[in-house]
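Participant: Line order of the protein sequences matches chains A and B.
Using my numbering, the first residue of the first sequence is number 8, and each one after it goes up by one.
Using my numbering, the first residue of the second sequence is number 782, and each one after it goes up by one.
Keep in mind that the hints are not guaranteed to be accurate.
Claimed, not checked - Taking CB as the label site, the calculated pair distances span:
id, chain 1, residue 1, chain 2, residue 2, range
1, B, 856, A, 183, 47 to 57 Å
2, A, 154, B, 793, 22 to 32 Å
3, B, 859, A, 230, 43 to 53 Å
4, A, 244, B, 846, 23 to 33 Å
5, B, 805, A, 218, 20 to 30 Å
6, A, 183, B, 785, 33 to 43 Å
Think of the hints as simulated: they come from the structure by calculation, not from any bench.
Here the structure is a predicted model, which means the values were calculated and not measured.
We put the CB at the ideal spot given by N, CA and C, even for glycine.
As a plain string of letters, each chain reads:
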Amino acid sequence: MHASFPSQDNPLIQKVESVFTFTGDERQALKALPMQLAVIKENEDLMREGDRPSRCCLLLSGFTGTYKVSGGGKRQIVNFGIAGDIPDLHSLHLGVLDNSVRTLTTCQIGFITHEDLRDLCERYPRITAAFWRETLIEGAIFREWMLNIGRREAYSRIAHFFCEMLVRLGAVGLAEDHACDLPITQAELGEALGLTTVHVNRVLQQMRADGLIETKGARLIVPDWDRLKEVGEFKPLYLQLEQEDFAV
Amino acid sequence: MSFTLQPVQVATGFDKAGMMVFDEEQRLLAVLVHLSDKNEVAPGQWYLEAGFGRLDGINRPTFADLDAAQEWISQRLAHRS
Chain A
8 MHASFPSQDN PLIQKVESVF TFTGDERQAL KALPMQLAVI KENEDLMREG DRPSRCCLLL
68 SGFTGTYKVS GGGKRQIVNF GIAGDIPDLH SLHLGVLDNS VRTLTTCQIG FITHEDLRDL
128 CERYPRITAA FWRETLIEGA IFREWMLNIG RREAYSRIAH FFCEMLVRLG AVGLAEDHAC
188 DLPITQAELG EALGLTTVHV NRVLQQMRAD GLIETKGARL IVPDWDRLKE VGEFKPLYLQ
248 LEQEDFAV
Chain B
782 MSFTLQPVQV ATGFDKAGMM VFDEEQRLLA VLVHLSDKNE VAPGQWYLEA GFGRLDGINR
842 PTFADLDAAQ EWISQRLAHR S
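Only chain A is shown next, with the shape it has when bound in the complex (with noise of 0.2 Å):
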């Protein structure tokens, strides 16, 4: 089925807005790009390592994670996709992908051709731009996350990523009163944090009981921002958003 998403929901507009501003011809070429809807239930590979697409996938709604694996079948999650995203962005000018995208929960997916995409861009060349700013903050993210990883300590890194994702979810109105949906089991949050699911578990439990989040099922509540903020060393600049604490 070839639709139009309903434009005022159309998350990738909301997305790209947070870091960048649109005049209204822009907004509505944006709004009428041609996507095929589909619903893919969880736990399915969008694609693999090794696909050359000639389409991308905007994720209008659920998560979805970005991972690459070892030689021993260990899984790395390297980004987690949420509404708005396109995971494979970068598809449109590399031929061959590096890397694998699985949903995590049931995901609204709307596929656009490459086609459809390029001529958007010749012809709108500011919407390339907010594509390629876009796609740098996404690199930011990824350096950020090597810092986070590769240096913080387990307590301090999962409040790094929780402050991260409620200011990511914050600006496509996913998260309100520093609140929000986070769908991620305690596996795939050791697969994204290279922590052992033990280990996760445990920095949990501790963040609980120190009162810096409560969950509830998939619900994350987090009763002092600042705190949370200030144990995660979270410094939204690298986001790069208009508007700047968006959870607030």
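Chain A is already provided as a structure; the job is to place chain B on it using the hints.
Facilitator: Frame of chain A; chain B shown alone:
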């Protein structure tokens, strides 16, 4: 390979009851910790809290019991030698 086990209290802040694992030359190979029932991911299992030498690394599995842990340690030492 046979191992000697020696109980130890470990200051993990969570699970205290542990076991030191020595090789035939009484060299410390690993510290296993018995996870409490409060652990939400592997209650009651044994966790490789620390491994030395060939057991050092990012792979820190959990085991159903001490026999399974010793089996894994044996395989790991044999595999790498």
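Participant: All hints, please: hold or fail.
Facilitator: Status of each hint after checking the structure:
Taken as a hint, the range 47 to 57 Å holds for the pair residue 856(B) and residue 183(A), whose Cβ atoms sit roughly 50 Å apart. Checking the proposed 22 to 32 Å range against residue 154(A) and residue 793(B) shows it holds: the Cβ atoms sit about 26 Å from each other. The beta-carbon spacing between residue 859(B) and residue 230(A), approximately 50 Å, falls within the hinted interval of 43 to 53 Å. For the pair residue 244(A) and residue 846(B), the supplied restraint of 23 to 33 Å is violated, since their beta-carbon distance comes to about 49 Å.
The given range of 20 to 30 Å is broken by residue 805(B) and residue 218(A), whose C-beta atoms sit roughly 48 Å from each other. Between residue 183(A) and residue 785(B) the beta carbon distance is about 57 Å. The supplied range of 33 to 43 Å is therefore violated.
Against the hints set out earlier in the document, violations occur for numbers 4, 5 and 6.
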